[in-house]
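Chains as they are written, first to last, in the working numbering: chain H, 1 to 301; chain C, 1 to 295; chain D, 1 to 119.
Do not take every clue at face value.
Said to hold, decoys possible - With beta-carbon atoms standing in for the labels, derived distance ranges:
#1 D:E104 - H:T269: 57 to 63 Å
#2 D:T112 - C:R71: 26 to 32 Å
#3 C:D212 - D:S42: 36 to 42 Å
#4 C:A113 - D:G90: 38 to 44 Å
#5 H:L233 - C:P228: 36 to 42 Å
#6 C:P228 - H:A96: 32 to 38 Å
#7 C:D266 - H:R162: 51 to 57 Å
#8 H:G262 - D:Q106: 50 to 56 Å
#9 H:E257 - C:Q66: 54 to 60 Å
#10 D:G90 - H:G262: 42 to 48 Å
These are computed hints drawn from the structure, not numbers from a lab.
The structure presented is a predicted model; accordingly, all values stated were derived computationally and were not measured.
Glycine included, each C-beta is placed from N, C-alpha and C at the ideal position.
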Amino acid sequence: MKELVVISGKGGTGKTSVVASFAALAPSTVLADCDVDAADLHLILKPDIFSRNEFSGGSMAQILPEGCNGCGTCRKLCRFDAIKVNKGAYRIDPIACEGCGVCSHFCPEKTIEFGPAINGQWFLSETRHGPMAHAKLGIAQENSGKLVTLVRAQAKKLAQERGHELVIIDGSPGIGCPVIASLTGADLVLAVTEPSMSGRHDLQRVTDLAKHFGTPMIVCINKWDINEDMTRLIEQDANQQGVPVVGRIRYDRAVTEAQICGQALVEYTSSGAAKDMRLLWETIAGLLGDSKSAADLHTNR
Amino acid sequence: MPMKIAIASGKGGTGKTTIAANLAHLFSQQGRKVTYLDCDVEAPNGHIFLKPQLTEHSPATTLIPQIDLGRCIHCGKCGRICQFNALLCLPEKVVTFPEMCHACGACLLVCPAEAITEIPREIGSIDQGMAGSIIFARGLLNIGEVMSPPLIRALKSKAEEGEVTIVDAPPGTSCPVIESIRDCDYVVLVTEPTPFGLNDLELAVEVVRALDLSFGVVVNRAGLNDQPMLDFCTEQNILVLAQLPDDRRVAEAYSRGQLICEALPDFKARFFSLMAAMETAILGRQIKSSERSNP
Amino acid sequence: MKIAITAQNPSPENQVDPHFGRAAWLMIYDQEKNEWESIDNSAGVNAARGAGIQAAQKVVDHKAEALITGAIGPNAFKSLSAAGVKIYHGATGTVEDALQAYLEGQLREATTNDAKGGV
Chain H
1 MKELVVISGK GGTGKTSVVA SFAALAPSTV LADCDVDAAD LHLILKPDIF SRNEFSGGSM
61 AQILPEGCNG CGTCRKLCRF DAIKVNKGAY RIDPIACEGC GVCSHFCPEK TIEFGPAING
121 QWFLSETRHG PMAHAKLGIA QENSGKLVTL VRAQAKKLAQ ERGHELVIID GSPGIGCPVI
181 ASLTGADLVL AVTEPSMSGR HDLQRVTDLA KHFGTPMIVC INKWDINEDM TRLIEQDANQ
241 QGVPVVGRIR YDRAVTEAQI CGQALVEYTS SGAAKDMRLL WETIAGLLGD SKSAADLHTN
301 R
Chain C
1 MPMKIAIASG KGGTGKTTIA ANLAHLFSQQ GRKVTYLDCD VEAPNGHIFL KPQLTEHSPA
61 TTLIPQIDLG RCIHCGKCGR ICQFNALLCL PEKVVTFPEM CHACGACLLV CPAEAITEIP
121 REIGSIDQGM AGSIIFARGL LNIGEVMSPP LIRALKSKAE EGEVTIVDAP PGTSCPVIES
181 IRDCDYVVLV TEPTPFGLND LELAVEVVRA LDLSFGVVVN RAGLNDQPML DFCTEQNILV
241 LAQLPDDRRV AEAYSRGQLI CEALPDFKAR FFSLMAAMET AILGRQIKSS ERSNP
Chain D
1 MKIAITAQNP SPENQVDPHF GRAAWLMIYD QEKNEWESID NSAGVNAARG AGIQAAQKVV
61 DHKAEALITG AIGPNAFKSL SAAGVKIYHG ATGTVEDALQ AYLEGQLREA TTNDAKGGV
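Build out the structure end to end from the sequences listed, making use of the hints.
Shown next as structure tokens:
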């Protein structure tokens, strides 16, 4: 079983549209929406949820007011400015609370409860293109990396149970906690970028990240014809770093139209950008299926 | 009255940095003292459009425990209190995992032998300089680092605030976004009228409401299918500050790192009305809150 | 000496769990007494970060001197090597098969470069 992670560095480059089309094209796959912070894949795949679970991403403290004598020890010790006082009444700001437990442990009156916080939900679903693991992080909650790891592990489990050969992961933008959680140990990372100065800058950061974690990476340039010179520059950068550019997708309004219709681009049409997408998938399927070319990618790094 | 405005969005790539950089530029052209803070420390891009002269570079650090094995009595208390698995107590030593540490100080407080001190660990850097008359500062998270909130905190406390402070927030709805916007007077949520844009806007609205912040929406790349987005805003009683039309020239200017209000002067008027709408909203909120405190 | 082996179920006839931090069970074999002990690691299965460190703590607490598993992550590797526990990876089949393979010297000791698994 292989894991393909699609990430983007810069947000809004078309990562989820690429994943949705891959889902439609791949013969035997499990999907994992690891962009738990702002998940969108479900809008296209319309999952039918068969398992709904609570997620506890850490602990949280709560002051029991009847025992509190207002000594202020907790406020003095909390490094996250999470203890609020209003007219002598102490309370914990759940959004600021980091879940370290210091206030509870050192409260002289032992009147601060400390226990698991429920801060999200995760789901297992059926979709028209295969089973899917996804999640919703509670509003203003931390630990998205933790939830990403969980979704990824659940997708892997689904693939093992049902004998699917591939897990396609929709990663999140950036290079931080959730991205690291979605790419470490994966077989292949596809970075979707766009030909702009920002796209180029952020792709460099993602390239460094994949190198740092030793995950083989390939690149595709979405809306490549918006700025052809920049596309060539990005391709040059990638070549110099030994990161293969495996596809270009043209700018096409059909991408947005497909999204409005709740379809993957390759379901909506077969011309234009959909054609590019199909070609891109064939290249990647070849890489994933052929262990030799995947090994070549490793040695190129 | 000085104002601090965060530019945020649930979904990435909706034009957050474009709006932020153009606003900073235009406020500064009005003769106001402007600070631009690029809090998208995982993928900062404001410098591409504002082209600052960066003159000051400093490391940003967080604290991690250092164990003095000479003093350690191997009681195991530090390992037990740590909620983040940053310390492992073995029979004869204590192993630390710096990247797991949240710098809460629990280990230090609980240690009965005074064997723990804290030392700084670099997680990123802060660059400062001037972009014309704009004070520019950005954070840059080191590759492989997991936690950006401490860096965002450091960036915000370090930079001098202006009459107008523009905070370019990271995308999403979790910790780094909250750290960036929590102390702002107003939040501009930038979205695009697509199903993804609408879904992520709904999440972003929940976040700003949970933080009890005043906010408005900018619909970027408008024109194809705006009605569901506008219906949502009407239903939720959300102020639409501006609708910027979808225009390939904008994407092209953006790709070259140009400010839209410079490259496409016909967009300038739209930005001015956005600024006016925003200032009116901030003023309205200030009047309301002063009424509340002086009834 | 005691040997820890990751397992999907609490019995030596069951399959080795390919993960360490996120293994369902840890089976501890006591060579002198020829006895098995099973340790529930469901906390690790559900943990997200630091599962390897938590599981390492369990191995150390039970005084095992060797660990047999499928793959190991960097934090678990760091923890176990600091504790002087030898790590053997690439084990497959049942827990008993893995123990046999280890006793016959067929399993490789892990080095820093092998510590890439763990998710």
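- Against the earlier hints, flag every one the structure doesn't satisfy and list their numbers going up. none
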